[in-house]
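Protein chains in written order, with the working numbering: chain A, 1 to 256; chain B, 1 to 214.
Be careful, since some hints might not be right.
Stated by the list, open to error - Each computed DSS-like pair below joins lysine-lysine, with the alpha-carbon atoms no more than 27 Å apart:
| hint | chain 1 | residue 1 | chain 2 | residue 2 |
| --- | --- | --- | --- | --- |
| 1 | B | Lys-126 | A | Lys-172 |
| 2 | A | Lys-172 | B | Lys-132 |
| 3 | B | Lys-132 | A | Lys-89 |
Keep in mind that the hints were calculated from the coordinates and are not lab data.
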Amino acid sequence: MDDREVLLELRSIKKSFGEDVHVLKDISFLVREGEVVSIIGPSGSGKSTILRCATMLTEIDDGEIIYLGQNAATSVNGKAVYASKKELKEISKTFGLVFQSFNLFPHYSVIKNVTDALITVAGVPKDEAVKRGMELLDRFGLADKADNYPCELSGGQQQRVSIARALALQPKILFFDEPTSALDPELTGEVLKVIKQLASEHMTMIIVTHEMQFAREVSDRIVFLENGNVVIDDAPDKVFDTDNKRVREFIGKLNS
Amino acid sequence: MASTFSQLASGMVVSAEIFLLTLLFSLPLGLIVAFGRMSKVKVIQWIVKIYIAIMRGTPLMLQLIVVYFAPYYVFGVKISQSYRFVAVIIAFSINYAAYFAEIYRSGIQSIPVGQYEAARVLGYNKTQTFFKIIFPQVIKRILPPVTNETITLVKDTSLAFVIAVAEMFTIAKQIAAKQASVTALMVAGLFYFVFNYVVAFIMECFEKKLSYYN
Ligand SMILES: Nc1ncnc2c1ncn2[C@@H]1O[C@H](COP(=O)(O)OP(=O)(O)O)[C@@H](O)[C@H]1O
Ligand SMILES: [Mg+2]
Chain A
1 MDDREVLLEL RSIKKSFGED VHVLKDISFL VREGEVVSII GPSGSGKSTI
51 LRCATMLTEI DDGEIIYLGQ NAATSVNGKA VYASKKELKE ISKTFGLVFQ
101 SFNLFPHYSV IKNVTDALIT VAGVPKDEAV KRGMELLDRF GLADKADNYP
151 CELSGGQQQR VSIARALALQ PKILFFDEPT SALDPELTGE VLKVIKQLAS
201 EHMTMIIVTH EMQFAREVSD RIVFLENGNV VIDDAPDKVF DTDNKRVREF
251 IGKLNS
Chain B
1 MASTFSQLAS GMVVSAEIFL LTLLFSLPLG LIVAFGRMSK VKVIQWIVKI
51 YIAIMRGTPL MLQLIVVYFA PYYVFGVKIS QSYRFVAVII AFSINYAAYF
101 AEIYRSGIQS IPVGQYEAAR VLGYNKTQTF FKIIFPQVIK RILPPVTNET
151 ITLVKDTSLA FVIAVAEMFT IAKQIAAKQA SVTALMVAGL FYFVFNYVVA
201 FIMECFEKKL SYYN
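So here's chain A without its partners, still in its complex pose (with noise of 0.2 Å):
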């Protein structure tokens, strides 16, 4: 068996958003250290609301979001009741999510984006933040971009430095909501190079994507989402080669 720590299980998810729009009816997975998992799936199958959910950005109806151990959310007679403020204050720190459209913060600088919530929020003093935050820009070739404001970048770049600024906090998850859809196709590649280079140092990365090769590649484990439900998880050439006509289906009209 595998003996690696779980981070992340979420167990029984349920979201509907209004009285009969169940978007998530009973989503269940693990995460353990060093993973990678892709979720693929149709547009409005509930991929960004499973990313939201699992970042607390949505409030989830019934379900146990767990975080090493530790209960984010438990179900309690059909409902979902939060552990506290100040406990999913701390929890919030083990992972960090990547936007499909960035949402960089237009008015500071590529580093001050990268090292303002590090001085801010996790009290690291200014020098260390900056010295983090120059490795950081380094390693994804983003050095001599550091002085520049976000609106000077490409979309590649940008999100890059949007990676880095999520990094710079040093969680153990990154959540990923198409990272390359917002970008032109020639734009892809670079992002999608960085996320390669992150899986190579182990670090664990849940991936809503839709570049079917790249998961493929990079993925331990495949979710296939569809109406809110998991319709596989598994290794990536057992997804690839499945009987399931909806997967074989979806899976052929992206890759061609």
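Following the hints, position chain B with the ligands against chain A.
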């Protein structure tokens, strides 16, 4: 001529005082009003909505008169001479706060929700998110409408005449009547024009200063 100027000068000082004190009070007050307008508590939201509607829906001149006479008619307190100027500042501040509140509100609501979410996932608390991430971006976006209001304020200071505060325009009118000549009024007009020119120039400097990003 020289005495015309020295008389006008005292009025200029009063107008400038009204202008500066109104900005000093109404800009922060407007932010608080904007928060009330966006409050999740329905009662607060409604009270603030009504307040804004009254401030924007009735003449400032009338509001000046109401604020000036309120202590006497409502509380039976004798109105002192020094209260005149205070009444002007109160009336102007609460009036402009209403306009600024709506400007703040539209600015705050124009910031993409992704900015809040990014800040939240990075661990910023609500206060940090607002003052470090949101508000600086709001300021940049609202500078043009704030400039408009500020220029209107320069001209509105002349309304203080209605409760006999001797600001620039009041004095100019008195001199013009005494001398049976429009010179003083022309000088007053020039004063407002130059004053606004300076205001516009300063605001433009702010805008330039914030143009380092989009
Ligand atoms: N805040 C919301 N309010 C109402 N419906 C929502 C909300 N967020 C998402 N949805 C709905 O939930 C479904 C899944 O959305 P999402 O998780 O964004 O899908 P995906 O990321 O897989 O494309 C969609 O039908 C979407 O319209
Ligand atoms: Mg999505």
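Evaluation of the provided hints:
1. As the CA atoms of Lys-126(B) and Lys-172(A) are separated by approximately 24 Å, the hinted pair is consistent with the 27 Å bound.
2. Restraint check for Lys-172(A) and Lys-132(B): satisfied, since their Cα atoms lie roughly 26 Å apart, inside the 27 Å limit.
3. For the hint pairing Lys-132(B) with Lys-89(A), the CA-to-CA distance comes to about 19 Å; that is within 27 Å, so the pair holds.
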